[in-house]
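Chemist: Here is how the chains run, residue by residue.
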Amino acid sequence: MSTPTANLEVFPRSVRLVLWLGLAALAAFPFAGSDFYVQMVTRMMILAIFAMSLDLLQGVSGLVSLGHAAYFGLAGYALAFLMPQNEAASLWLTLPLSVLASGLAALVIGFFVVRTHGIYFIMVTMAFAQMVFFLFFDNKALGGSDGLYINFKPTVNLGGWTLMDLDNKKTLYFFTLAAMLLVYGFLRRLLWSPFGRALAGIRVNEHRMRALGFGTFGYKLTAFSLAGALAGLAGYLWGVQTGYINPELMGFHMSAHAIMMVILGGMGNFAGAIVGAFGFEVVLHLFKDLPQVGSVQLGKHWQLWMGSFIVLVVIFAPRGLLGLADRLGRHKGAADE
Amino acid sequence: MKSKGGTCLPFFSALHPMDFPTFLIQLLNSVQYGLLLFMLAAGLTLIFGIMGVVNLAHGSFYMLGAYLAYSLSAQLGSLTLALLVGALLSVGFGLALEWLLFRHFYKRDHLDQVLLTFGLIYIFEELRSMIWGDDVHGVAIPALLGESIPLTANLSYPVYRLFMSAVCVALALGLYLLISKTRLGMKIRAGAFNRDMAEALGINIKLIHAIVFAIGVGLAAVAGMIAAPVSSVYPNMGSQVLIMCFVVVVIGGIGSVRGALISALLVGLVDTFGKVLLPSVSGMLVYMLMAAVLLWKPEGLFKQ
Amino acid sequence: MNSTPTTRRLVLTRSAAVIGAASSGLLLPELAKAQSGKLRVGLMLPYTGTFAQLGVAIENGVRLAINEQGGKLGGREIEYFKVDDESEPSKGIENANKLVQRDKVDVLIGTVHSGVQMGIHKVARDSGVLCLIPNAGVHMATRAQCAPNVFRTSFSNSQPTRALGAAMVAKGHKRAVWITWKYAAGDEAFEGFKEGYLAAGGTIIKELGLPFPNVEFQALLTEIAALKPDAVACFFAGGASAKFMIDYAAAGLKDKIPLYGSGFLTEGMLDAAGPAAEGVMTTLHYGDSIETPRNKAFRLEYAKAYKMQPDVYAVQGYDTGLLLVHGANAVKGDLNNKAVLYKAMETVTIDSPRGKWTMSKSHNPIQDIYLRVVQNKENKVIGVAAKALADSGAGCKMG
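Residue numbers (my numbering), protein chains in the order written: chain D, 1 to 337; chain F, 338 to 641; chain U, 642 to 1040.
There's no promise every hint is true.
[Unchecked claim] Chain U stretches covered by chain D per the calculated footprint, using a threshold of three residues with CB under 8 Å from any CB of chain D: (1) 816 to 830; (2) 1012 to 1019.
[Claimed, not checked] Lysine to any residue pairs mimicking SDA-like chemistry, simulated, CA-CA at most 25 Å apart: (3) U:K847 - D:L135; (4) F:K444 - D:R16; (5) U:K948 - U:R935; (6) F:K444 - D:E206.
For the record, the hints were derived by calculation from the structure and aren't laboratory data. The model shown is predicted, which means the values in this text are computed figures rather than measured ones. Just so it is clear, CB atoms sit at the ideal spot from N, CA and C, and this is done for glycine as well.
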């Protein structure tokens, strides 16, 4: 369904530089920023993981899911159910189980959903996500509309030693950074593996792949489940950081924001998802904190600025911010000839 | 719990006893809701099917219509006049929007359209807030249509809702006649079938697309206008209706106006009877319906 | 590759500049915030979206109260910080942290939506900052999750409906149908109604719920007609309340089956609902027409200051301001003196436009609930449905 846009799978030097600088900045940040900003960047990294998981579906396989947030929220709920009221549970137990829960849900739903195509796929993923949303929203036993608290951060112990104290904001920051880098590395490897190449082929022309003998259903289902599991990792981290899970985390708006982040950054190469997640959040915060000019409270009208920004990006930067960086980099190169 | 008088319908008595008159009234409720959904969905499916544009901002047009009804009827003093003026204004707005933005997106990826229209939702919501404020408003029903027809000892049916359904039916008929019996409709269908060929044959596709888009916007706005007296006018009213609208379009099959009608009536039935018979899952029922339909017919009921 | 050393250097230096600027930009508010001696008041309210009306009313009330009392808190000047909570529960913690961690407010006032309150409450409990709730009635805030630094000046979801039952039975309506949305606030409102109605001798024939935020009431109105109860009791808030009353009247039910509700059904909705609301009886802890000098003076002041009529949300905001002033004065502006501050707030009697009220042990108002009827587009108070009603505070492990 999606036109096979050139997905910037190989990074030009300019983009690589930007990414390395970004990594350096992220590594140094907690030592310069205050608690609030450390938490904010942690949250952005969690959303980056969520965006990368969606990029696997959207950018690489060409499957646009409007219901991806369901798997994000499910892992958070899994953590909420696994965490006892009065003491902390272990990371070794809760993390794999939560990620597995999301992955399994994606597998089950994917089995039904992956047989549709194009706009129908988009709508049916949305339908299933809405069903999951209502399941949790309507049932007090599952927390109901007000959601659930997670009273403790999971413990990370090994043989009596406390490896990490996730209550410490800097520790949680580096833990999330490590997770984000691991997911990024894994997905980049996947992109260039035979499996990843097959997915890209399916995105470009599924009929051709089938004619070549690929069982496209199986490939798409695997990608869907894997993406769901990775979204679950992000959701788990969200639960750890905030300690509060609510049904809206699985809702339409969350899914739509993820799609926007991936498109904003540039699809299909995972770095774009990270850039998009950060970019989206930073721009949103910038607009909301705009000062008062004369009698007009600019920050109050953040929806207008955000909407215009999105529209401008779609019109002028169709391959997202990374695509823009690439274009600028190439112009520079050509000008210096 | 049995109701006095009338026989209990055997099919329902397992779930919930319902006597025949009540059943008929619920049927009427379903049809009326379905027809309103149809008017919204028709615009969306046209834009979708003929130009291939995903428009998430469709709910915003519905909201625009409602707010127009509110401010125009206050200024002009009559809802009917407001309807006419509002319809013209929204068609004009649709033409402007198409010319400015949407026509550059027909050849773009669906994803880009999703992003564009999502940005537009934000913009429209804020503009609405700046122009009309955030209060909840009511729109008065014209006195002529303000009566209710008694159906049972307890229940009456508002004449205005019958009027709404009549408008929806009239528009549906008008749309059908336009598309299948007029030259313009013929050109629209040709352009949807094969744009380049139609253009080569001398049909002004740009104009056709502009007209179809404007009709789509107009339909949504008129739906909002006639629904305003019964739904009242408040912020975010578009987003609730948007998802339902997409569900209807997808179940019916994208681009099929006939499909949108059948599917809207189906959704009306499921929503109405679901609330009464299966209240614990009524929120999910419509989505389950959509999932079931798509798993049976992956391109909707009436694939184009 | 076409890049020359010039290009590489250019990209390198430019990127470094951008990242440097960005990170110092993020740090700027930190650096600019030297201690100024002003007391920081954080307002986290819905400034956009469906509840925007309420957010504005609450803030107006807070400011009016503080300005009336001299515009200072315990002798200190005030600096306001505002965050739009967008009624988005997923961002509750993030937005609350903006005020508590970034802006380092001394008191957090918020919010309207219960889901968002869950997030604020967590931040309040974790940080210990003084938190005043000017609306959200979610039970846990003054029950299982109560905290010494959290005070509510509005109501708990079951309070207004708790008083409804007796009023209905008094009018001879002993068999009722209850209808609301299926979500936490609806469930909690039902809890209050059920307790009060059954205690007064009424019977609930059926409990109807529609999925939130669906507003297609026709199916359930037809159902109500078929059930033939003596009366209907409901809980709806926001734009949907006007629609419900309009649909109820249009279905011919209004004159045959009296409609009752929690007062939110008719607050701020009377213009939108028109004649459909006439005669609807509700219970709430406030009524526009309360005939006391205190209320009349308040309404005059509010209208003068803001060119609009106050409603229950404005009163709740106003009382929040009064409570804050009282507490701040008791500690002469030093909000770190928590023991004295909390004691002062716990033992206060607020002279509110709604009447005098006090704090319960779990920090929720103990207040009179009024019976109102809609007459001529106004909520006319016709009596007191329950005197000094307190929320049970069940599960609160404080005091």
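Chemist: Each hint needs a verdict: does it hold in this structure or not?
Modeler: Comparing the hints with the structure gives:
For a cut-off of 8 Å, the count of residues in the stretch 816 to 830 of chain U with a CB near a CB of chain D stands at 5, and the three-residue condition holds. With 0 residues carrying a beta carbon less than 8 Å from a beta carbon of chain D, the stretch 1012 to 1019 of chain U misses the three-residue requirement, and the given coverage is violated. For the proposed pair U:K847 and D:L135, the alpha carbon gap of about 23 Å is at most 25 Å, so the pair holds. A C-alpha spacing of about 31 Å is found between F:K444 and D:R16, which places the hinted pair above 25 Å, so the restraint is violated.
Distance check on the hinted pair: U:K948 and U:R935 sit about 19 Å apart at the alpha-carbon level, within 25 Å; holds. Only pairs whose Cα atoms come within 25 Å are accepted, and F:K444 paired with D:E206 is accepted, the gap being roughly 20 Å.
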